[in-house]
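If you're matching them up, the sequences are chains A and B in order.
With the working numbering, letter number 62 in the first sequence gets 59, and the count goes up by one each step, no holes.
Every number in the working numbering is 1013 more than the matching position in the second sequence, counting from 1.
Any given hint could be a false lead.
Derived contacts from chain A toward chain B, CB cut-off under 7 Å, selection only [as the list claims (entries may be wrong)]:
1) LEU26
2) VAL55
3) VAL56
Examples of chain B residues lying across from chain A (beta carbon under 10 Å, computed) [claimed, not checked]:
4) LEU1072
5) ALA1083
6) VAL1093
7) THR1273
8) ILE1276
9) GLN1278
Ranges of calculated distance between the beta carbons of each label pair, as one might list FRET restraints [said to hold, decoys possible]:
10) B/LEU1132 / A/SER17: 34 to 40 Å
11) A/SER17 / B/MET1117: 25 to 31 Å
12) A/ILE5 / B/HIS1074: 18 to 24 Å
13) B/LEU1114 / A/ASN15: 25 to 31 Å
Worth flagging that the hints you see were computed from the coordinates, not collected in a lab.
This structure is a prediction, so every number in the text was calculated from the model and none was measured.
Backbone N, C-alpha and C define an ideal beta-carbon position, used for all residues, glycine too.
If you want the building blocks of each chain, they are given just below.
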Amino acid sequence: MIAVIGLIVGVILGLLLNPSMPIALQPYLPIMIVAALDALVGAARAYLGRTFSDKIFVVSFLSNVTIAGLMVWVGDRIGVGTQLSTAVVVVLGIRIFTNVAAIRRALLHV
Amino acid sequence: MWLPSDGPCSMSESGRARHDSSRTTDPAPGSPDAAGPAADAEETAAPQPSVWARIGHDLLHPGIGQLVVAVILCLSTFAVVSQIRSRAEDDPFSGMRRADLVTMLDNLSTSSRQLDSELAELRDTQRELQSGADSQQAARKQAASRLSQLQVLLGTVPVQGPGITLVIKDPDAKVTSDMLLDAVEELRDAGAEAICLNGRVRVVASTWFASGADSVLASGTPISRPITIQAIGDPHSLEEGARFRGGLVSQVESAQSGATVQITQKQQIRIDAVAASAPMSNATPVR
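Based on the provided sequences and hints, a complete structural model is requested.
Written out as structure tokens, the structure reads:
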């Protein structure tokens, strides 16, 4: 229940504050969002698999987001930013699909 | 929430950590690997009443883990919403490739140059036309003022203005054409701009005086007595010019002629007589 409230509060905050992202962060925010989605879906799967740990969840969330942003940043520095961000998105996308498949099996048994 | 409901957390901590880390560190689990945990989940869910019942129970009994998830969800949705809004505010060019942008920029600058040169041409044309119109207008104004001046000088239009009326009463008909010509010349010398004799003859450049059989002729028109001369100009100067010693008045009023001169200054004199201007048939301007 608190999680749903957190989700709603986040949406409302984003709508109300209308924050302007710092320019330096702007290219990395999409990748970081994809990493955060991956962490959230992974957490849901772990919860359904009764292996959820809030500590691991926080650490994996932070590390996912940080590493995704760092990879794109480094890629930008060495000239392969677009390709590297594509790679990160592909990998995270595969993981999200895999985890969602596991969640589907756990919830619906199909 | 599920930590207390699951029982002692230290017991399953290592197992969870191993499971979770294997999930998160292995980015590309194969389908058998993905099926493994799923099967585990089914197995572990089977002894429980139902996975939905557990979700419902956990929704009603929040714990520290849910708080963490809530905070992270809040952060994530915040980021997503702000990203969506910033994307919505972005211009459509932000997603285009660099080569396309360069081409577009080239096209735009080329057309901008073309439009600039076109604008400069049109400005030049406008300036030319405007100066042409201005000079035409100035020429027209000058021509109009010259025309009115020449019309007054040629006596082709009625004129009005301040001046004097000079009446020569000449009962003995002693006033000759020479005296009349002198009178006209003196009035002109005094600044007369238009002169009219008896209200009938406009004195212009081509006017001539002659002595007729019983009267004076001006341009062929007999001037009956008394002779009235209307002159437009500064009234004071004209009267002084007529009255100076040895001038018109003293000449006319001399003992031999026995005529009298009466001068009236007026602020408004109207001369309606006009001179017919014949076109120049012989004299042409030298350029």
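Hints, verified against the model:
1. LEU26: 5 Å, holds
2. VAL55: Since the shortest Cβ distance to chain B is 6 Å, the answer is holds.
3. VAL56: 9 Å, violated
4. LEU1072: Holds. Min distance 5 Å.
5. ALA1083: 3 Å, holds
6. VAL1093: 6 Å, holds
7. THR1273: 106 Å, violated
8. ILE1276: Result: violated, 95 Å to nearest chain A Cβ.
9. GLN1278: With a minimum Cβ separation of about 89 Å from chain A (threshold 10 Å), the hint on B/GLN1278 is violated.
10. B/LEU1132 / A/SER17: 34 to 40 Å: 38 Å, holds
11. A/SER17 / B/MET1117: 25 to 31 Å: Taking Cβ atoms as reference, A/SER17 and B/MET1117 lie about 27 Å apart, which means the hint holds.
12. A/ILE5 / B/HIS1074: 18 to 24 Å: 20 Å, holds
13. B/LEU1114 / A/ASN15: 25 to 31 Å: 28 Å Cβ-Cβ, so the 25 to 31 Å window holds.
Checked against the numbered hints given earlier, the structure breaks hints 3, 7, 8, 9 and satisfies all the rest.
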